[in-house]
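Q: Which chain is which? The protein sequence lines are L and G, in order. First residue of the first sequence: 1, per the numbering used here; consecutive thereafter. First residue of the second sequence: 1, per the numbering used here; consecutive thereafter.
Simulated from the structure, these hints should not be mistaken for laboratory data. Mixed in with the good hints there might be a few duds.
Pairs involving identical chains hold if they fit within one copy or between any two copies, as the list cannot separate such chains.
[Claimed, not checked] Listed next, the in silico EDC-like pairs over lysine to aspartate or glutamate satisfying Cα-Cα at most 20 Å (straight line):
| no. | residue 1 | residue 2 |
| --- | --- | --- |
| 1 | LYS24 | ASP116 |
| 2 | LYS119 | GLU68 |
| 3 | LYS74 | ASP105 |
| 4 | LYS24 | GLU41 |
If you're wondering where the values come from, they're calculated on a predicted model, not measured in any experiment.
2 protein chains.
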Amino acid sequence: MTLTAKMERGDLMAAACPSREVLKHVTSRWGVLVLMALRGETLRFSQLRRRIGGVSERMLAQTLQWLEADGLVKRVAHEVVPPHVDYSLTLLGQEAAEHVAALADWIETSLPVIADHRKAGS
Amino acid sequence: MTLTAKMERGDLMAAACPSREVLKHVTSRWGVLVLMALRGETLRFSQLRRRIGGVSERMLAQTLQWLEADGLVKRVAHEVVPPHVDYSLTLLGQEAAEHVAALADWIETSLPVIADHRKAGS
Numbered sequence: 001m002t003l004t005a006k007m008e009r010g011d012l013m014a015a016a017c018p019s020r021e022v023l024k025h026v027t028s029r030w031g032v033l034v035l036m037a038l039r040g041e042t043l044r045f046s047q048l049r050r051r052i053g054g055v056s057e058r059m060l061a062q063t064l065q066w067l068e069a070d071g072l073v074k075r076v077a078h079e080v081v082p083p084h085v086d087y088s089l090t091l092l093g094q095e096a097a098e099h100v101a102a103l104a105d106w107i108e109t110s111l112p113v114i115a116d117h118r119k120a121g122s
Numbered sequence: 001m002t003l004t005a006k007m008e009r010g011d012l013m014a015a016a017c018p019s020r021e022v023l024k025h026v027t028s029r030w031g032v033l034v035l036m037a038l039r040g041e042t043l044r045f046s047q048l049r050r051r052i053g054g055v056s057e058r059m060l061a062q063t064l065q066w067l068e069a070d071g072l073v074k075r076v077a078h079e080v081v082p083p084h085v086d087y088s089l090t091l092l093g094q095e096a097a098e099h100v101a102a103l104a105d106w107i108e109t110s111l112p113v114i115a116d117h118r119k120a121g122s
């Protein structure tokens, strides 16, 4: 049963629902941007941090740990000198990223309409 | 230009990008659940709070204010005795909710795979 169907039955949103934990990671402020940044690219931590902009080292590391534990991000440590670590999306992560990107692109397209609403309301 | 295309060019994620603010609201912990709860339904504040589960009055009110300011949620105050307030999705909100629901349903479907990853990692 999908989350949508559960919600329609009224029992979807039990706070204990395990989907909510994953949804929280995927839709977290930085989770969304990490998934989008890694679409079709393998990046090092510092590259990822620059790409996203405005994220602290600590929050980026935390977000990557969540997504790695969920099986969405793959972390590969290269034992070279100097050592470095690459991040990329797993197949599962690519699927998640497609959905997140569809939402983000919809927002970008709808932004003029949203901006009009904000002006009217302020 | 879509957010995806901007990101690929490398300038997508400027912290000042106005889309990021809306993305933050829509993908906020409670924003996601509010959009899903209001799909195809008009609910009062207390109904919405029960439906979501685990959200404080303060956080639900804040989330509804964000979504209302973005033009995604419509708030209608009925001047009856006792007075009450209804919340529903605007057309724009319905579009946002479809994307959010697609993501949430994907998570629900993928949860067994995600759970396997978590067990393997712990």
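Q: Give me the numbers of the hints this structure contradicts, sorted from smallest to largest.
A: Of the numbered hints, 3 and 4 do not hold.
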